[in-house]
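Colleague: Keeping their order, the protein sequence lines are chains A and B. At position 62 of the first sequence (counting the first as 1) the number is 62 in our numbering, and the numbers step up by one without a gap. At position 117 of the second sequence (counting the first as 1) the number is 1117 in our numbering, and the numbers step up by one without a gap.
Just so you know, the hints here were simulated from the structure itself, not pulled from any lab data. Idealized CB from N, CA, C, for every residue including glycine. One or more hints might be untrue.
[Stated by the list, open to error] A short, non-exhaustive set of chain A residues, derived as facing chain B with CB atoms under 10 angstroms:
#  : residue
1  : Cys8
2  : Val38
3  : Leu40
4  : Glu68
5  : Asp75
6  : Thr77
7  : Ser84
8  : Met94
9  : Thr95
10 : Tyr114
11 : Asp127
12 : Phe129
13 : Val143
If you want the building blocks of each chain, they are given just below.
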Amino acid sequence: MKKLMRCCGIFVILFSIAVLSGCATTAGKAFETSESQVKLRSMQTRAFDTTDKQKMMQTVMSTMQDLEFVIDKADLTLGSVSGSKFLGYAVVTMTVTVRPKGEKQLLVRANAQYGIKSVEDPETYQDFFTALEKALFLTAQQVD
Amino acid sequence: MRKRRRFLKLSIIFLCLGIIGCASVPKGFLKPNEAALEKRQLQMRQYDTTNEEQILAAVAGVLQDLGFTLDNSETKLGFVAASKKADATSGGQMAGAVFLDMLSALGGGHGNAMANCDKSQVVKASVIAKPSLDGNKITVRVTFQRIVWNMSNQISKVETINDPEIYQKFYDGLSKAIFLEAQKI
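Isolated chain B (complex conformation):
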């Protein structure tokens, strides 16, 4: 009997600790990690010019080319922020969900895997352009984030985009835009 009571007490204490542990803020999330340098290479490019305004205009142009709308900017700091709403449905995911729902219907259940399929996403981009350390070049760095909603309008995913292809696409567009704007097209 006594043992049982002690066990109960201990488990209550343990439960309390667990709850407190979950609710607290984790440490060290403002510390640069090892991957920071790699990410910098992925997200950063340098351009042989000292005309920051021209670069920023080109950045705004590329973002518009990619279908983004500008949310915020501060030219004196070389900063532009933009966002875009887009479709997030994927054929594979949908087909899988339909298959699962059919299976559960055959088994007599009410599966609703469809509701968990991704539906739409908002992609946020922020660009900082600043003179490089030696002052002869302009360094441009872009970061992308996305929030994904599922069919029942719940947020299903939030993430920083780390796909090299996406960054490459942005910088290809930027190089083109700088050229086009220099030629006044």
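Excised from the complex, chain A in its bound form:
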């Protein structure tokens, strides 16, 4: 009998731990990243030697259209472009922001999401910047 009670006790404790920890993590999951903030920024950001924000944004939009994205939103003042594309049944969404860096450069940052996952692979972003470089006839510079 005693043994049974002890078993039940352990079970209840384990169960409550599981339930409570489950509650605590789901909201936090939305804010999790597997890479450090600095590393993420460095893979998602490049600098270009131009100050023409309008032309840069139009080229970003054309490049995204080349990559089969449909542009959902764009804002020149904020310098942001968002678009989405379908890969089979998965939806890829991407936001690109353009902002000035110093007097002579523009910073371009792209971040993409695949379904419910953030894209944290440097090569994927490099592919995008390579395509953007070709469209701009400018070299993308790595930012530290």
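Following the hints, position chain B against chain A.
Modeller: Leaving out everything else, chain B in the frame of chain A:
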């Protein structure tokens, strides 16, 4: 016995790898593919004008002609986005489903192929107009996407529309709209 255990271990490892493989994000989806140039030709037209505003007004007009509602726009970037809800039922698909359901009913089953028939769709359009490289023309590029729902309100299909006829229809309308607006009609 030992062999069996090893087999079990291996299969568990294999299963884990399989699950991890499925969940990961595929690579290379931001790389332009060979079909990009072809698609560009399909989706792009040039107009002999430098008046970007006039073109954008005509684009908005054509989208309205086609029954779209405008969702978003940024004139300074030559951007307009619009969407439209439409019927997606097709006679052929419905007839096939009815036939299948009847067959399964005859066999004593509860077939419900009807529930998988397409019911409605949302088509999204986004248009970018910008000066061409030489600056004498305006380049217009439109892309269409659609999401289709079936009778049980589940998403049954998502795709980029690549049908040349649809793009041709849009640009025929745009040419007309540019003409009409130039004549102030």
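Colleague: Are the hints correct? Go through all of them and say.
Modeller: Taking the hints in turn, this is what the structure says about them:
1. Because the beta carbon of A/Cys8 sits about 31 angstroms from the nearest beta carbon in chain B, more than 10 angstroms, this interface hint is broken.
2. Violation of the interface hint for A/Val38 is found here, the shortest Cβ-Cβ separation to chain B being roughly 21 angstroms, above the 10 angstroms cut-off.
3. Because the beta carbon of A/Leu40 sits about 14 angstroms from the nearest beta carbon in chain B, more than 10 angstroms, this interface hint is broken.
4. Taken as an interface hint, A/Glu68 checks out: its beta carbon lies about 6 angstroms from the nearest beta carbon of chain B, inside 10 angstroms.
5. Because the smallest distance between the Cβ of A/Asp75 and any Cβ of chain B comes to about 6 angstroms, under 10 angstroms, the interface hint for this residue holds.
6. Here the hint on A/Thr77 is kept, as its CB sits about 9 angstroms from the closest CB of chain B, short of 10 angstroms.
7. Taken as an interface hint, A/Ser84 checks out: its beta carbon lies about 8 angstroms from the nearest beta carbon of chain B, inside 10 angstroms.
8. A distance limit of 10 angstroms between C-beta atoms decides the matter here; for A/Met94 the minimum to chain B is near 8 angstroms, and the interface restraint holds.
9. Interface hint status for A/Thr95: violated, as the beta-carbon distance to the closest one in chain B is roughly 13 angstroms, over 10 angstroms.
10. At about 4 angstroms, the closest approach between the beta carbon of A/Tyr114 and any beta carbon in chain B falls short of 10 angstroms, and the interface hint on this residue holds.
11. Satisfaction of the interface hint for A/Asp127 is found here, the shortest Cβ-Cβ separation to chain B being roughly 4 angstroms, below the 10 angstroms cut-off.
12. Interface restraint check for A/Phe129: the shortest CB-CB distance to chain B comes to about 9 angstroms, inside 10 angstroms, so the restraint holds.
13. The criterion of a C-beta within 10 angstroms of any C-beta in chain B is not met by A/Val143, whose closest approach is roughly 19 angstroms, and the hint is violated.
Of the numbered hints given earlier, the model fails hints 1, 2, 3, 9, 13; all others are met.
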